[in-house]
Amino acid sequence: MNLSKGLSMFYSSRALENKIDEFLDRISEAGLIYKKAIHVFLEHGVTEDFVTHADQIGHIESRADELRREIETGLYEQNLIPDLRADVLSLVEDLDAILNAYDASGYRFTIEQPVFPATLHPDVLAIVESVTNSVEQITIAARTFFRDFNSCRDYIHKVRFYESEADRISTKIKRAVYSSDLPLANKMHVCSFVEMIDNLADMAEDITDKLAIYVIKRDN
Amino acid sequence: MGTSGIVFLSSGLFLGWSLGANDAANIFGTAVSTRMVKFKTAAVVCSIFIMLGAVISGVGAAYTLGSLGAINAIGGAFVTTFAAAFTVYSMIKCGLPVSVSQAVVGAIIGWNWFTDSVTDVNSIVRIASTWVACPLLAATFAAVLYIVFKKLLGSVKIHLLRRDACTRLAMILTGAFGAYSLGANNMANVVGVFVPVAPFSEFSFGGLHFSAVQQLFFVGSVATAVGVFTYSYKVMGTVGKGLMPLSPFAAWVVVLAQSMVLFVFASEGLEYFLASHNLPVIPLVPVSSTQAVVGAVIGIGVCKGAAKNIKWSVVLRIMCGWVITPVIAAGICFFSLFFMQNVFNQQVYVPKNYTISEKVFNRIVDQGFSAGKLSTLKGEKFGSGIEFIRAVERRLGKLTGAQQQKMLDIAENVRLSVDADKIETLDNRLFSADELAQIKELTGQRFNYRWELQAALAKTGTNWEYRPATILNKQYNKMLSQKLTVIENAFIVRATDKKRTSACGCTER
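Chains as they are written, first to last, in our numbering: chain S, 1 to 220; chain H, 1 to 509.
Do not take every clue at face value.
What the hints assert, rightly or not - Lysine-lysine pairs mimicking DSS-like chemistry, simulated, CA-CA at most 27 Å apart:
id : chain 1 : residue 1 : chain 2 : residue 2
1  : H       : Lys151    : S       : Lys158
2  : S       : Lys210    : H       : Lys373
3  : H       : Lys234    : S       : Lys158
4  : H       : Lys241    : S       : Lys217
5  : S       : Lys35     : S       : Lys19
6  : H       : Lys157    : S       : Lys210
7  : H       : Lys378    : H       : Lys157
8  : H       : Lys234    : S       : Lys210
9  : S       : Lys210    : H       : Lys308
10 : S       : Lys217    : H       : Lys93
11 : H       : Lys308    : H       : Lys151
12 : H       : Lys459    : H       : Lys406
13 : H       : Lys352    : H       : Lys378
14 : H       : Lys378    : H       : Lys422
15 : S       : Lys172    : S       : Lys158
16 : S       : Lys210    : H       : Lys241
17 : S       : Lys187    : S       : Lys174
18 : H       : Lys234    : H       : Lys40
19 : H       : Lys359    : S       : Lys217
20 : H       : Lys398    : S       : Lys217
21 : H       : Lys373    : S       : Lys19
22 : H       : Lys352    : H       : Lys311
23 : H       : Lys93     : H       : Lys234
24 : S       : Lys217    : H       : Lys311
25 : H       : Lys440    : H       : Lys478
26 : H       : Lys378    : S       : Lys210
27 : S       : Lys217    : H       : Lys406
28 : H       : Lys38     : H       : Lys241
29 : H       : Lys352    : S       : Lys217
30 : H       : Lys308    : H       : Lys359
31 : H       : Lys406    : H       : Lys311
32 : S       : Lys19     : H       : Lys234
33 : H       : Lys459    : H       : Lys398
34 : H       : Lys241    : H       : Lys93
35 : S       : Lys217    : H       : Lys304
36 : H       : Lys422    : H       : Lys398
37 : S       : Lys217    : S       : Lys35
38 : H       : Lys373    : H       : Lys352
FYI, nobody ran anything at the bench for these hints, they're computed from the structure.
Construct the entire structure; sequences and hints are all you get.
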């Protein structure tokens with residue numbers, strides 16, 4: 001009885017490991033597609049290509065939602081990692097919130113179609129780069145939390161770096177927008193999009209703060 | 001014997017219940033408290049393996065009655081067992097983990113006190129040393145294991161979930177092994193003394209044969225399992241989270257450290273293995289699983305630099321519990337024996353007589369004691385061990401515990417009659433056919449001292465002689481001592497047997 005229970009315990013934990021890995025893969029993938037989507041948007045506006053990318057992110061978000069629910073149920077049903085379960089659930093939910101933000105951002109572009117002055121395009125691409133990098137680093141940090149939590153701190157540090165970089169670029173863009181000749185409504189519209197993009201990095205940074213605490217807890 | 005057997009056995013079952021309630025916490029306390037193993041799972045695994053250990057491996061130790069074997073009347077054994085069980089129960093009620101064997105030794109001290117028997121000072125020293133040495137050893141082991149395994153796991157980079165599954169499995173396996181050992185080693189201490197009065201008879205079912213002792217041990221283990229299910233949860237809480245919060249990994253290290261301390265410092269098998277391979281022997285020290293678990297938790301706390309997280313007030317409470325357990329058990333036993341003897345008119349001990357006859361005097365002198373001063377005691381009789389030892393010490397000065405025991409063994413006057421009928425009752429699983437034949441050679445002979453019977457047996461073959469006291473001979477001598485005790489107890493002439501013995505025409509030596 002105990003042997004079969006032990007084997008099923010290993011089997012189910014292996015299945016859950018795969019789900020966590022897939023969940024993190026989805027976030028990483030969503031970041032890459034988001035970057036491509038913004039490139040397309042800045043060059044050609046809301047084209048079929050852009051809508052396809054936005055839809056792709058939507059599908060990824062749906063799948064990630066499924067995975068999140070399966071992970072949460074699995075952790076509770078099988079009574080796994082009782083000491084860190086709440087932390088892992090919170091981590092998964094926070095990461096899912098980033099995916100939701102990617103998804104919402106993509107659809108907002110398709111609906112509101114903001115007009116970025118051409119002079120700002122390099123900065124917009126730079127902020128998207130920093131933001132997606134910070135999200136990428138948080139997925140790596142989350143992955144290492146599960147396997148090699150001692151290295152987690154290295155990635156946490158990188159997330160903070162990219163977040164401050166995104167903040168810096170965001171401020172630069174806002175200054176440039178408000179000193180331009182654009183109508184005030186346009187200025188406010190563009191800045192709200194910049195804030196929306198920058199918010200993704202802020203979300204990643206918030207997760208790192210929590211993750212740093214989880215690492216200390218796991219270390220004990 | 002039927003009804004009275006059940007009544008006497010009830011205190012053994014009570015002790016079994018206390019053992020389950022107390023010791024399950026040592027095995028699964030940390031696992032349950034860290035929520036790695038559900039209480040129900042822990043209780044089921046613990047109960048099954050305690051039963052298996054008791055029925056498969058425990059029966060072999062039925063003759064090793066432990067310390068309770070020293071009590072020579074079933075009424076006394078009933079009260080002593082009850083006193084130990086009640087003490088453990090009271091401690092569990094306060095949520096304090098205690099040592100069941102120390103409660104038993106405490107109760108025996110109460111019995112010795114009541115019956116004017118000599119208490120081996122070493123047994124008290126041994127208990128006191130366990131309070132300090134055992135937690136220290138366990139704390140050191142736990143700290144070292146924690147550091148080593150943490151480094152090891154850090155380098156392996158195993159997934160958190162797989163590590164969780166491994167830890168869980170390791171906890172269940174270690175717990176199952178611990179439960180098996182508990183059943184195998186402790187059931188004899190709990191119900192072994194009631195083997196002669198147990199109301200069971202042999203039976204076969206589906207080709208399997210179940211001896212009366214196996215049934216008794218099974219019933220004892222059922223009582224232990226009931227103890228695990230009904231009352232162990234509270235003590236598990238004290239061990240698992242009362243002292244300090246533990247991570248599942250640390251919880252497993254605690255259980256591992258406890259098992260290793262017991263294995264390294266209490267295993268005669270390991271000692272024999274090392275000695276037989278000319279390896280340095282680790283000295284055996286008295287250890288207790290309860291004290292080891294508490295020490296291990298503290299060790300991990302200190303090692304993690306989290307000594308401030310340890311609830312020292314709980315530690316102090318637990319340690320007070322350890323100290324007062326034998327004292328309370330001795331007190332309860334003393335007063336219960338008084339009631340048992342004077343209110344219920346039950347025999348709680350068989351009085352022992354000590355006589356310094358010519359033969360005894362010569363043997364004492366042969367053992368290296370001074371003849372001159374002892375000669376004044378020749379021909380004197382003593383009604384209790386304490387009286388006898390006091391008289392000897394007045395002449396020879398203070399004796400060590402071992403010397404006292406030697407004196408008592410030589411001078412104890414016991415009527416032994418080697419009766420053919422009683423030889424038939426000797427267990428042929430304990431004695432070989434050759435040994436039974438050697439015993440039969442003594443049929444009809446009578447002895448006044450245990451050592452006389454031993455000497456007569458030694459004349460029938462060298463297999464009845466003790467070997468030099470070396471580590472390699474320890475197991476052999478222990479087994480021989482058990483066999484001799486069983487033979488002596490079988491041939492003792494009780495007051496009720498006297499008439500029959502005088503009619504059998506035995507020859508007294």
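Do the hints match the structure? See the list:
no.: 1; hint: H/Lys151 - S/Lys158; result: 26 Å, holds
no.: 2; hint: S/Lys210 - H/Lys373; result: 82 Å, violated
no.: 3; hint: H/Lys234 - S/Lys158; result: 47 Å, violated
no.: 4; hint: H/Lys241 - S/Lys217; result: 16 Å, holds
no.: 5; hint: S/Lys35 - S/Lys19; result: 25 Å, holds
no.: 6; hint: H/Lys157 - S/Lys210; result: 22 Å, holds
no.: 7; hint: H/Lys378 - H/Lys157; result: 77 Å, violated
no.: 8; hint: H/Lys234 - S/Lys210; result: 34 Å, violated
no.: 9; hint: S/Lys210 - H/Lys308; result: 24 Å, holds
no.: 10; hint: S/Lys217 - H/Lys93; result: 33 Å, violated
no.: 11; hint: H/Lys308 - H/Lys151; result: 24 Å, holds
no.: 12; hint: H/Lys459 - H/Lys406; result: 21 Å, holds
no.: 13; hint: H/Lys352 - H/Lys378; result: 18 Å, holds
no.: 14; hint: H/Lys378 - H/Lys422; result: 34 Å, violated
no.: 15; hint: S/Lys172 - S/Lys158; result: 21 Å, holds
no.: 16; hint: S/Lys210 - H/Lys241; result: 25 Å, holds
no.: 17; hint: S/Lys187 - S/Lys174; result: 8 Å, holds
no.: 18; hint: H/Lys234 - H/Lys40; result: 14 Å, holds
no.: 19; hint: H/Lys359 - S/Lys217; result: 73 Å, violated
no.: 20; hint: H/Lys398 - S/Lys217; result: 59 Å, violated
no.: 21; hint: H/Lys373 - S/Lys19; result: 87 Å, violated
no.: 22; hint: H/Lys352 - H/Lys311; result: 49 Å, violated
no.: 23; hint: H/Lys93 - H/Lys234; result: 8 Å, holds
no.: 24; hint: S/Lys217 - H/Lys311; result: 19 Å, holds
no.: 25; hint: H/Lys440 - H/Lys478; result: 23 Å, holds
no.: 26; hint: H/Lys378 - S/Lys210; result: 85 Å, violated
no.: 27; hint: S/Lys217 - H/Lys406; result: 59 Å, violated
no.: 28; hint: H/Lys38 - H/Lys241; result: 15 Å, holds
no.: 29; hint: H/Lys352 - S/Lys217; result: 63 Å, violated
no.: 30; hint: H/Lys308 - H/Lys359; result: 65 Å, violated
no.: 31; hint: H/Lys406 - H/Lys311; result: 46 Å, violated
no.: 32; hint: S/Lys19 - H/Lys234; result: 38 Å, violated
no.: 33; hint: H/Lys459 - H/Lys398; result: 34 Å, violated
no.: 34; hint: H/Lys241 - H/Lys93; result: 17 Å, holds
no.: 35; hint: S/Lys217 - H/Lys304; result: 12 Å, holds
no.: 36; hint: H/Lys422 - H/Lys398; result: 40 Å, violated
no.: 37; hint: S/Lys217 - S/Lys35; result: 34 Å, violated
no.: 38; hint: H/Lys373 - H/Lys352; result: 24 Å, holds
Hints 2, 3, 7, 8, 10, 14, 19, 20, 21, 22, 26, 27, 29, 30, 31, 32, 33, 36 and 37, counting from the list given before, are not met by this structure.
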